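Dock chain B against the given chain A, drawing on the hints supplied.
Residue numbers (the numbering used here), protein chains in the order written: chain A, 1 to 328; chain B, 1 to 83.
Please note that a few of the clues may not be correct.
A partial selection of chain B residues facing chain A, derived with a Cβ cut-off under 10 Å [to be verified]:
#1 K35
#2 L59
#3 T60
No lab work stands behind these hints: they were computed from the structure.
Predicted, not measured: the structure shown is a model, and the values here were computed from it.
Cβ atoms here follow ideal geometry from the backbone N, Cα and C, with glycine treated the same way.
Residues per chain, in single letters:
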Amino acid sequence: MISIDPVIASVERVTPVEYPHQCRVPKMDAKLSFVEQLIGSGLLISTGVDGLYGRNAMFEDVVAGFQRIVTRVGAGDGADTVSFPPTMTRDQLETSGYLKNFPRLLGTVHSFCGHDDDHRALLAQLDAGGDWTLDQRATDLVLTPAACYPLYPMMAALGSLPEEGRTFDICSFCFRREPSRDPARMQHFRQREYVRAGTSEQIAAFRQRWMDRAREIMDALRLPYEIVPANDPFFGRAGKLMKAHQLEQGLKMELTIPVANVEPTACVSFNDHRENFAVAWDIRLANGDLARTGCVGFGLERIALALFRHHGLDIEAWPADVRDLLTL
Amino acid sequence: MLNKAIADIILDYSGLRSTISQLDDDTDLYSAGMKSFASVQLMLALEDTFDISFPEHMLTRATFRNPAAIEQAVNALKMRSAA
Chain A
1 MISIDPVIAS
11 VERVTPVEYP
21 HQCRVPKMDA
31 KLSFVEQLIG
41 SGLLISTGVD
51 GLYGRNAMFE
61 DVVAGFQRIV
71 TRVGAGDGAD
81 TVSFPPTMTR
91 DQLETSGYLK
101 NFPRLLGTVH
111 SFCGHDDDHR
121 ALLAQLDAGG
131 DWTLDQRATD
141 LVLTPAACYP
151 LYPMMAALGS
161 LPEEGRTFDI
171 CSFCFRREPS
181 RDPARMQHFR
191 QREYVRAGTS
201 EQIAAFRQRW
211 MDRAREIMDA
221 LRLPYEIVPA
231 NDPFFGRAGK
241 LMKAHQLEQG
251 LKMELTIPVA
261 NVEPTACVSF
271 NDHRENFAVA
281 WDIRLANGDL
291 ARTGCVGFGL
301 ERIALALFRH
311 HGLDIEAWPA
321 DVRDLLTL
Chain B
1 MLNKAIADII
11 LDYSGLRSTI
21 SQLDDDTDLY
31 SAGMKSFASV
41 QLMLALEDTF
51 DISFPEHMLT
61 RATFRNPAAI
71 EQAVNALKMR
81 SAA
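Next up, chain B with everything else stripped away, as it sits in the complex:
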């Protein structure tokens, strides 16, 4: 079950709120129409909300491909900042 805060941010910043009816863990956001610059805005919104910073090696398409990948990345970075 996807974290609701993450799901909301994805819908707000991916530019897909009006085009996808349901967000599943494995919804491919790029196939659904998320543009490059939207993924940048999504990345910045996740950083602001969760007080995390994506390291350079995570700034790839794969990190933001679907909600499950995003949640996994956010959780990993939250763990790191808490440590």
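Excised from the complex, chain A in its bound form:
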């Protein structure tokens, strides 16, 4: 069992702490890539599209086991657990500011809006092998790009924050349009998040606490990792400056683990949003000042993949303490 120190850690500015890799990355079968091994073993089910996979029961057991650990670790935080479908409203997405920074990653929901004639034309196009999507219209829905996005309008509707702030626990499938052969870069994946709204001191303490907890969890799961300053994939030249801001201010830290590549993969992120979402949604403290928000996000598929990468594709052969912790 991992022990979790209940004392809130230092609220001082987060300084990057580097951890040496604790063990070597196991050699992969030279003939097959990791994604081919995952599909060959049945853990992932190919759809023919890169980044879109089915998962078998063993894969889902590992995801569920990791979720139980997170639930146990976060149990004392008084978080409200909420759930949304993996689709959100287009106007909420617009208000969030997502299009300023990540236009190429967004998936929008389009639908047929025509009548009988249009339907006949659509089927004729389909039969002819043409593009039947030309008359599809954008709906008022988009695919949720990060689990916490639907939370902020909900938080705003609850009114100003109580003195102790608010904490939420949320999990959702998320979509990002970035097809890749890297199995750790899926287009549809799950994020488990704890989201905090409050003062900047409350956000800093929350972020530090979850960094400490994430280290304990990964140590106990015997995974090699580092926690490093990071930036989001902001779009274009303007994005270069946004990345510089985020990096230089230490607003995003990532726990990275080698998964499918030599380059380690971000499996957990610890984010200080400053007042971005509070401005967008007018989320305020009890005294009327703008609130701050932050979140910790666990990439569930990536963590499951890291476990399969480092402990093998057969969970029967995993170290007993790792299986115990995951209650597998």
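Same frame as chain A, now just chain B:
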């Protein structure tokens, strides 16, 4: 003495026009409250106005920290495009 055209662009795009009474060469725009995205809009406005393009290595916080740094960067890039 700060170039007036640059000073106006800074005030228009930094989001600080209503919050700072006087813009000095060494006014720290971030401390004064300029947000990340405002600095991006400031950068794009400077590019449009002076027909310059900030190279990637200049897309840092330091380039846009205060009016003097901005003016220095703009002048350097104007020289380059004129050459």
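Checked hints:
no., hint, verdict
1, K35, "holds (8 Å)"
2, L59, "holds (4 Å)"
3, T60, "holds (5 Å)"
In summary, this structure violates none of the numbered hints.
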